[in-house]
Amino acid sequence: MFPRPIEKSGPAARVMYQIALPVALFIWLFPLLGVAVTSVRPSSDLASGNYFGMPSYFAWENYVSIFTDSPIGRYIFNSFKVTIPTVIGTLALSCLTGFALGIYKFKGNLLIFFMFVAGNFVPFQILMVPVRDLTYSLGMYNTTMGLAMFHIAFQTGFCTLFMRNFISALPKELIEAARVEGVKEWQIFWHIVLPLMRPAIAALAVLIFTFIWNDFFWATVLTTSASTQPVTAGLSSLNGQWVAAWHLVSAGSIIAALPPVLMFFMMQKHFIAGLTLGAVK
Amino acid sequence: MSMSSTNRQSRTWWQKNQQTLTPWLFLTPGLLMFAVYVVWPIFASFQISFYDYDGLSTKEYIGTANYSELWSDRAFKTSLYNNVIWLVLYMLAVPLGLMIAIFLNQTVRGIRIYKSLFFFPFVISQVVVGLMFAWFYAPNFGLLYKVIEFFTGKGIAILASPHYATYGIIAAGLWPQIAYVMILYLTGLNNVSPDQVEAARLDGAKGFKMLWYVILPQLRPATFIAVVVTVIGALRSFDLVSIMTNGGPFGSTRVLSYYMYEQALSEYGFRMGYGAAIAVVLFGIMMFFISGFVWKMIRDERGMS
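The listed protein sequences derive, respectively, from chains W and E.
The letter at position 102 of the first sequence is residue 102 when you use my numbering, and the numbering goes up by one with no holes.
The letter at position 69 of the second sequence is residue 69 when you use my numbering, and the numbering goes up by one with no holes.
Next comes chain E alone, as it looks inside the complex (with noise of 0.2 angstroms):
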């Protein structure tokens, strides 16, 4: 007894704050490294937004007029509803790769390697893929164009032409996402209840009513981060404008994050507070799905522990 006490009492400071202090010691480099990189910069870009700021040259405080300027702005209009159309149709990932992963979760020969290789898209850099859809959109003898021109008589020139060419980048960017919802819904799909699809089975649920009744309750986790990563990959959708047309033809395919990257850092100029403001929009639009991703996330977290 005696001897545990004189023993408790030699402790080090160390040895008895050791609890406390360790998470702190093992967090501060990466905390460090996230503050710096991440956190801060999301403060700096605000306050930049309110200057005149080419990147060299002194900032020159301006107050809002970055903001008003964004108002008038055409180009920063047809970007916004860009944005816009983007979300919409990203969506439809979510119920094309639930089509495909439902195709998909059979148990025959070889499925393993079709499930792999359907996934494949969404392996392949961006780039890769803007120059594959480049080459199956390409005027003249793009496969795409002599499709419609077989049909039609006429080829559609998709990427040169201001009404179909955000469509075409869309389309080139679902290819990557539906492969990344399917393999979402694949995993869910192997961990629904096998019990409860059967006594649905017995009760003579079949087809799209035990999918909707049955199924898809149980792949809600599944459906939640699809659409999550959905939300995110549109409103990211820089790689594919930038690659596939460079905001053209005529700006029509200008999303907020291409423009903004043209305003500040590209040949047409280096205006940095504006482009800022056009982030911190970008930044608002995010805010508003993450706030609520991030509070479903917190209202499971406390519902477990």
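Excised from the complex, chain W in its bound form (with noise of 0.2 angstroms):
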């Protein structure tokens, strides 16, 4: 193990450490605890100039107010609606062409598969304006179904990358076995490799919401309206209006980030093995 084990050093040593943690833990999340704390600020804390000690008392008012007083509620629930049939949408998909791509060798399999690799690091603004034309004429400008549909389509390049590579570790001789029993090939999708897969959705399903819950470029790009934002291009918007209002920026924040938050320390393990894929050989 690197590096050397602490509890193989001295007491002083596993000491310090012990110290040490906490305290860079609480530099390192310093950003994140100054918001949390500004968020139950009162604001005439902020009038009089106390932005940094305990706030006077805590003002969870500041959360109701963004709530009753801002469209944050829409936000949030425009949110799920561009989320959710993207997780779904995507994982249908490439459940698929990973399967496709995992097991059968044919020619341009390789080609087909880097193609989706490739996809996945292209810089958004070469398919920016195509993208929007494209949602504009088929009717979904400005609509979170439109969001979610170009949302699918350039995930599937990513989960089809982790799909293929899930899929073509798994044993070949339990596929092999199942043709020469004459299992149709649907079947073996559908019976045999699909809930073997289950690991890989959980894991991809996580990462997924998360990437698509923050995403703020193509939120920008194709929803214009409270009606249909979802929260990060509303909090953009709402930000304009707060001008130096920080008490109820932050709580904003925070209403904003906790959704894809909470899902991590939930599913927490999922998360990571998703997101370290190709980390470890």
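There may be inaccurate statements among the hints.
Stated by the list, open to error - With the Cβ distance kept under 8 angstroms, some of the chain E side facing chain W (calculated, not the full set):
#	residue
1	Asn17
2	Met33
3	Pro41
4	Leu144
5	Val147
6	Ile148
7	Leu184
8	Ser193
9	Val197
10	Phe283
Stated by the list, open to error - Covered, in the sense of this in silico footprint (three residues per stretch, anywhere, with C-beta under 8 angstroms from a C-beta of chain E), are these stretches of chain W:
#	region
11	29-41
12	61-67
13	81-88
14	194-203
Keep in mind that the hints were calculated from the coordinates and are not lab data.
No residue lacks a Cβ here, since even glycine has one placed at the ideal position from N, Cα and C.
Given two chains presented individually in distinct reference frames, assemble the corresponding complex, making use of the accompanying hints.
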């Protein structure tokens, strides 16, 4: 193990390490803590210059007021309306593509696979104008569905990479044995491979949820009004309205960050498994 | 014997070709979506970059005029220059992420919670990260402002200064990026062969020498991915610029991704042709890196099978 386990060092080193951990964490998360505290700071504190001390009381009314005085509830709802169909659509498509590329040897297999891989790296801006025009002509401009459609297509690239690598690591004998038994190809997919893909599906579901929830660029390009914008774009426009109202900006930020954070803590193992794909061989 | 041969003849066309056709049937929906929303738009953008197009009226072919305009556009040069700064400074995420990973790669009680809390910034939207750092940098009361004021007697409003604003944004971007790299290395360190480490220890290797000669070679897959995601992250730097400064002050924090958006789709005008030309340049830069990455991946893939 590297570095040398701290238990093997002297007691002084161990105590030092136990102190260093929370201190380092405090510094690391300082911007987050600051915003969390500001989100419950009453506006009177900000007015009187109390920016960093303890809030004079916990102003939960900041959270109430962002929901009553701004469309943030609507933005959150829109985010779900984009994110959930994207997760479902992407997983459906990439299970199919991953199966095709992971199981069958055919001409063009590697070429198609690397097309999906390369597509992941493309800068969004080169897609922007045509995708916006396309969404417009499909009648889906400024709708959550139009946004979800693009996300499904784009994320299929990343998910195919993941699924294909996962499937090609499955034991081939399983599929060969099924074929000898005369099991049809689609049945092999449905009854044999799909049940084995559960961990990959779980990992991608949390990952895609977070990516799409946090997307800002496409939200600003494809949606324009409060009735369709997801929370990232909404927060950006609220930030323009709440000039210097840091207690409201902070409360809004915390609310916007909450769903992916909860998702992460509930599904941590899957999340990290998805993210570190390829980091070990 | 005869049974099986009649069986073979009576197999339908579908049964005979099942194994060749199935992969294509499975690929069709995904390929179709990907072709329509990702592959075709790349070519379409190349085409649009030769037109004068405002997104509504008909396009007018103007040859390479957009590109020659770029050549003399100061804002474009600033953006390009800032992209280089982003790329160089963003690379700091790799060693810094490795440092934190090494710091946290212990087995003391509660370390798992520490690891996930250190990873936290990556889970948060860049919009929120941008707002957090804007608060941290805020003039007059922001903590960084106060700290600088304490040491030098005069605070600096980072995001209002054409000299510092880009660095301020990059620092904000590094925060989640370091967390990402850290988690890649933590996974990598978890898989370092204990035998080799022990053997090297017996040979007297320790500290930096151990890291450089024994550990890092084993972390190569993690390093590769860390570099790839960091390069992509640096070139995709749109969200933070948009949230923290809108490209300002005086356009000093523009990067190509933001400048493209500004030209093509903001209140400053709908110059989609010109925007597409900027996107093509950005695409070219990204292609330079992608082709390297994909080339390495293909080589690995061939080597494996």
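Taking the hints in turn, this is what the structure says about them:
The restraint placing asparagine 17/E at the interface with chain W is violated, with a minimum CB-CB distance near 11 angstroms, outside the 8 angstroms limit. Checking methionine 33/E against chain W by beta carbon gives a least distance of about 4 angstroms; that is within 8 angstroms, so the hint holds. Interface restraint check: proline 41/E against chain W, minimum CB-CB distance 4 angstroms, threshold 8 angstroms, status holds. Checking leucine 144/E against chain W by beta carbon gives a least distance of about 10 angstroms; that is not within 8 angstroms, so the hint is violated.
The interface hint given for valine 147/E is broken, as the beta carbon of that residue sits about 11 angstroms from the closest beta carbon of chain W, more than 8 angstroms. A distance limit of 8 angstroms between C-beta atoms decides the matter here; for isoleucine 148/E the minimum to chain W is near 15 angstroms, and the interface restraint is violated. Hint status for leucine 184/E relative to chain W: holds, with the closest Cβ pair at about 5 angstroms, below 8 angstroms. For serine 193/E, the interface hint is violated, since its Cβ never comes within 8 angstroms of a Cβ in chain W; the closest pair sits about 10 angstroms apart.
At its closest, the beta carbon of valine 197/E sits 5 angstroms from a beta carbon of chain W; the interface hint therefore holds under the 8 angstroms criterion. Because the beta carbon of phenylalanine 283/E sits about 4 angstroms from the nearest beta carbon in chain W, less than 8 angstroms, this interface hint is met. For a cut-off of 8 angstroms, the count of residues in the region 29-41 of chain W with a CB near a CB of chain E stands at 7, and the three-residue condition holds. Counting residues of the region 61-67 of chain W whose C-beta sits closer than 8 angstroms to any C-beta of chain E gives 0, which falls short of three, so the coverage hint is violated.
For a cut-off of 8 angstroms, the count of residues in the region 81-88 of chain W with a CB near a CB of chain E stands at 0, and the three-residue condition is violated. Counting residues of the region 194-203 of chain W whose beta-carbon sits less than 8 angstroms from any beta-carbon of chain E gives 0, not enough to reach three: the coverage restraint is violated.
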